[in-house]
Amino acid sequence: MAKVETKTSLAKGDLRDVLREMLLIRRFEEKVEERFRAGELPGFLHVAIGQEACAVGVCRALEDGDIIASTHRAHGHTLAKGTHPNELMAELYGKTEGCSHGYGGSMHLYDIERGNMGANAVIGGGLPHITGAALAFQMRGEPRVALAFFGDGATNIGTFHESLNLAQLWKVPAVFVLEDNKWAESTPESQHSPIRDLSDRAKAFGMKALKADGQDVEAVYKTARQALEYARAGKGPVFVHLDCVRLHGHYIGDPQVYRDKDEARKLAETRDPITLLRAKLELSDEDFDELDTEVTEIVEASVEFAKNGTDPAPEDALKNIYA
Amino acid sequence: MPELSYREAVRDALATAMRQDDNVFIMGEDIAEMGGSMGVTSGMLEEFGRERVRNTPISEMALAGTAIGAAMQGMRPVAEIMYEDFMTLAAEQVVNQAAKLRYMSGGQLSVPVVFRTQGGAGWSPGAQHAQQLEAWFVHIPGLKVVFASTPEDVRGLLWSAIYDDNPVVFFEHRTLYGIKGNVPEKIEPIPIGKARIHREGEDVTVIATGRLVHESLAAAEEAEKEGVSVEVVDPRTLQPLDEETLVASVKKTNRAVVAHEAVTRMGFGAEVASVLQYQAFDWLDAPIERVGAKFSPLPFAPVMEQFVVPHADDVLAAIMRTVGRGD
Amino acid sequence: MATEVKLPRLGQGMESGTIVRWLKSEGEQVAKGEPLYELDTDKVTQEVEAEASGVLLKIEIPEGEVEVGRTIAFIGKEGETVAAVEAPAPKPKEAAAESAPEPKEEQRVSEPTTNGRIKASPLARRLARERGIDLSSIQGTGPDGRIVAQDVETPAPAAPRAAVPVTQARSAEVTSTPLTNIRKTIARRLTEAWTVPVFTLTVSADMTRATELVARRRELEPDVRVTVTDLLTRVCAQALARHPEMNVQYTEDALLSFPNANVGIAVAAPQGLVVPVVHNAEQLTLTQIAQVRGDLVARARDSKLRAEDIDGGTFTISNLGMFEVDQFVAVLNPPQASILAVGATREQVVPRDGEFFVVPLMTMTLTCDHRAVDGATGAEFLKSIKAFLEFPGLAL
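Sequences listed follow chains U, X and E, in order. Numbering that gives the first Met the number 0 numbers the first residue of the first sequence as 0 and each following residue consecutively. Numbering that gives the first Met the number 0 numbers the first residue of the second sequence as 0 and each following residue consecutively. Numbering that gives the first Met the number 0 numbers the first residue of the third sequence as 0 and each following residue consecutively.
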C-alpha cells in the first residue's frame, strides 16, 4: 500500500483510497471468520471488525521509520502498516510464507521490515517495548516515533502504568493509542475501571492526551498527526484516546452472551466506520461495489495463496530459538 | 596480572563496553549517584552521564521491557534488577517477551539484552531478598543463563553476554562482590557455554556454581587430607550447559556431587544429575549427590539461616558419602 | 515391593540390639504402628513398632544380637516373594533360608538383594560384565551391601561364598564342563593379575638381521632348530641383565631383585597354558637356549613338566606370531613384573630419509606392573630389546 504524503489531514482524493483500505480490512476479517468457522484456521483469532478507522487512520499518519506494536487484535494494524494480505493470511494458515513464517500466528504477527514490532498475546506486553524503542530513537538522535496500540482493558495492567510513567519521565518520542471499545473481553468498562474517562490515566502521568472519535477516520488521522508531530519534536510522549466500537465478539465464535443484542445492532447501524465514510464520500452503489469487488478478489486470492503455501517441516520448530 | 574484586570486574566489563560502543547503556534502580545497591556502577554516572546511566523508577516490568524494546532496535542495554527476588516482577517481560520474540517472529529480530541481577544468603537479608532462582530461567528456551563465581570469569562472561545477540540472564552473588582475583590485563571474552575446571582430582567430581564453588574448593582441601582426591568444576554458564566437560570429568572420577546454594529440590542440580546419570550411567560407582539449601524460605535469625543454606562441610559430607565413607 | 524391616537406631550411640521375641508370626497381618517385636538395648527392653502395614512375609532373625541397620524381616503383600538376605558375618542365630516361604523359581544363595535383585553400582555392573565375572559371586562393601567397582576389582578373599551352582542347562545344546584344577589356577592367577595396575608399551623391530641370523644358525646346526623365540629369549635375558631394575617382583613390603634372568616361555599345552622357564638364560648361548627350550616344550606337550620347570621365572615371553596375530597385550604372569607379547613378522612399507623401504617388522608389547616398574624403565628395557633384535651382534 502506497504511503500518502504526510499532511495534517486527509485530502478528499485520498479518502477513496482510505475507504478501500478499510474495506480491505473488513473483507479480510470477514473471510477470516468464515474460514475459521470452516475449521481451516488453528488457534485463537480476534477480528477487528468495527475498528478499521483506528488502524488506517493512525497508520496513514506514520512516517517512514516509525514503528508500531500491536495487541492480540492485530490484523487491522498489520494490514494498515503495510503487510500484504497474502503474507498475513498465510501466517494465519501457519505457512512458511506467512509474515512470521508460521512461528507466531494471529497473535504474534511480526513484520520488522515494515516497522511492525509485533502483536502481543499478553495484554500490555508490548507497551514497554515501545518505551524502549522510543528511548533508542532518542539516544541515537533519530527522528522516529514508536507507537503502541492497546485497548481499554490494558489500561489496568502493570506494564501500562510502568511504561507510560517511564516514557513520560524520560520524555521519549512515543505515542500510546488507546482503542477504547469499552470492552475487555466480556467485561464492560464500568466493571473494570473505577474512572469513566480513561484519558485521566494519562493525565495522572503528566502526559499530553488527545481524544478523537475512533469511527471517524479523518478525525483519527488528524489527531494521530498531531500526536506524532509532538512526539517527534521531542516534546514527550502523547496519549491518544480513540473512542471506537468492537462490532463483533472478543474472539471468533464468541456468542457475546454478556452484550445487549439490541445495543450491538444499533451500533452496527450507526457506528460502522465504513458506512460512515462511504456516506461522507457520497459514493454511489456502483462505485462502492467496484471497490468491494476489488478488495474481495484480493482477499480471496490471499486465501488461495495461503492454502497453496508451504507447511513448515516439523523440525523447523527447533530453529530460530537463539540468534 | 592485575587484581580486581568481583564487583570491580563487573564494572570494568560494563564501563569498557560503554567506552567503545555507544549502543551499550545501563539502566536500573539507584544505579546513578548511589552507584547501585551493591556499588557495582559506582563512578559510572560521572564518566558516562545520565543519558547512558539511566536511573529508573521502581518498575521492574518497564525496566525489563524498555531494555527489551531498545534491544529490538539494535541497542545493547544492560538492565540491572536490584535483587534476584525481583526477577519475579520482571519475569513476564523476560519470559513471555524477551525469550520468545525472535522465535515468534520467525527469526526476524533479535533481542541482545542482558538482565543483571544478584542474589544469595548471608548477613540475614531475609526470605524476599536472598533467593537463587536460576532453575526457573534455565527452563525457558530462548534465554541464556550465566552465573560466574570469580572476578576473571564474571568480567569475561559479562563481556560475552553483552555481545551475545540473545537475551542473557546474568546472575551475580552478593557475598562474592568483595572477593579478589587475578584478571588478565585486557578483557578476554570467555565463551558462553564453557565450564571451568578449578581443581583436578581423581576420586570424585564436584560440580558447583556461585558461592558454592568456593565452598567446594575448601571442602576439596579437607577431603585431600582424608585421602580423597576431588575435582572441582564450575559450569559458569547454566544454559547452555557444557555437558561435555561435566560428563568427561565424571567418567574420569566415577562419582559426582552437584552443589549450589539454591534449594536442592527441583533445582538446577537435579538437571545436572540427570544429564550425568544418563550419559555416564556405566561409569557411576555411587549415586549422584546434590548439595543445596533445604526446602524452606530463608529465615532471618542467623542460626537458622546458617542451617538452611549449604556450606563447605555439606559438600565435604557429600564427597565422603560418594566414596562410601559417609552416613 | 516388600518393605525391609531394619533394626533401628533407637538412641544415640546405639550400635546393636538383641531381639528378644517376635510379637507377630510369619504370615500374620501387621498394621503400621503395631508392636512387632521386643528389643533389648543396653538401656532397656522395649517394643518396636512396625513401620509399614501388610503381611509379615519373613522373619530373617528370630532372636539374638543384631547390628543397627541389619534387615531383620520383610513386610509386604500376601504371596510376595522375598529372597534370603546375605549374612555379613556368621551369627549363631542366623535366619535359615529354608524357613522362608520358598518362592517357586530357583533362588541363588547369599546375595545382597531385595527381592532377587543384586545391588551393584552401574560401574561395578559394567566391570563385571566386561570381565565375565558373575555378580552373585561378589560380596558388596558399599552402602547397604551394594557391590561397588572396588569389589569387582579386588574381591574380598574371606567370606567363602558357596560356589554358586550355575543353573544347570536343561536344554540339550549347552554343555557344561567342570573346571580342571589347571583352569581354576589359571583363572585365579590371571584374575589376580588383572587387579595389578599395569601399563603397556609397544615397539616394532626391523627383523631383517634377526631373521638372517636364525636362518644361518639353522644352516650351521641343523639338529638344533633355532627359532625366533630362542633369539627373543636370549635377547630378553641380555636386556634383563643390562636393566636389572626390570628383573624384579613387587611385594607389599619390598621390591625383590633377582640376579638371574629366568625367562619363561608361554606354551599352549593340551591341558592349558603353561610357562616353562629357561633358567639363567643370560648365561646360555643361543644354541643352548634352543636345546633347553626344545626339551621343555616337548615335555610340556606330553604333560610331563616338573615343578622346577615352571618355578622361578622372572620374566615371560608370549609369542603368538605363528598364529598370525599382529600385536596383542599379554596379561601379567604374577608375581613377575613384566611380560612381552610378540606378534608376527610382517613386511611393511617404512619411510626412511625420504625414501620407502619394505621392512620385515615385528610388533612387541611389554606389559609392566606399575607398582614395580616405571614407564621410563620399561621403555629403556624395550628399547634395548629392539636394539638387540635389530643388531643381534650386540646381544650375542
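It is possible that part of the hints are untrue.
[Unchecked claim] Away from chain E, derived, C-beta distances all over 12 Å, residues of chain X:
(1) E28
(2) S41
(3) H213
(4) E243
(5) N253
(6) E270
(7) Q276
(8) A279
(9) F280
(10) D281
(11) L283
(12) D284
(13) P298
(14) F306
(15) V322
[What the hints assert, rightly or not] Just some of the chain E residues that point at chain X, by a computed CB distance under 8 Å:
(16) P121
(17) G141
(18) G144
(19) L254
For the record, the hints were derived by calculation from the structure and aren't laboratory data. Idealized CB from N, CA, C, for every residue including glycine.
Now the hints, each set against the structure:
With a minimum CB-CB distance of about 50 Å to chain E, X/E28 clears the 12 Å threshold, and the non-interface call stands. Look at X/S41: its CB is around 51 Å from the nearest CB on chain E, clear of 12 Å, so calling it non-interface holds up. Distance check on X/H213: its Cβ is at least 29 Å (rounded) from any Cβ of chain E, clearing the 12 Å threshold; non-interface status holds. The claim that X/E243 is not at the interface with chain E holds, since no C-beta of that chain comes within 12 Å of its own (minimum 20 Å).
Here X/N253 does not stay apart from chain E, with its beta-carbon only about 5 Å from theirs, under the 12 Å limit. With a least CB separation of 19 Å from chain E, X/E270 remains clear of the 12 Å interface cut-off, as annotated. With a least beta-carbon separation of about 9 Å from chain E, X/Q276 fails to lie farther than 12 Å from that chain, contradicting its non-interface assignment. Against the 12 Å criterion, X/A279 falls within the reach of chain E, whose nearest CB is about 8 Å from its own CB.
Taking the minimum C-beta to C-beta distance to chain E, about 5 Å, the non-interface status of X/F280 is violated against the 12 Å cut. The beta carbon of X/D281 is not kept farther than 12 Å from every beta carbon of chain E, the shortest such distance being approximately 4 Å. For X/L283, the requirement that its beta carbon stay farther than 12 Å from each beta carbon of chain E is not met, with the minimum near 5 Å. X/D284, annotated as away from the interface, has a beta carbon of chain E within 12 Å; the closest lies near 4 Å.
Distance check on X/P298: its Cβ is at least 26 Å (rounded) from any Cβ of chain E, clearing the 12 Å threshold; non-interface status holds. The beta carbon of X/F306 sits about 20 Å from the closest Cβ of chain E, which is more than 12 Å, so the claim that it is off the interface holds. With a cut of 12 Å on Cβ distances, X/V322 falls inside the contact zone with chain E, its closest approach being about 9 Å. The closest approach between the C-beta of E/P121 and any C-beta of chain X is roughly 5 Å, which is under the 8 Å cut-off, so the hint is satisfied.
With 8 Å as the threshold, the beta carbon of E/G141 comes within range of chain X, its nearest partner Cβ sitting at about 5 Å, so the hint holds. Because the closest C-beta pair between E/G144 and chain X is about 11 Å apart, greater than 8 Å, the hint is violated. Hint on E/L254 is violated. Least Cβ distance to chain X is approximately 23 Å, over the 8 Å limit.
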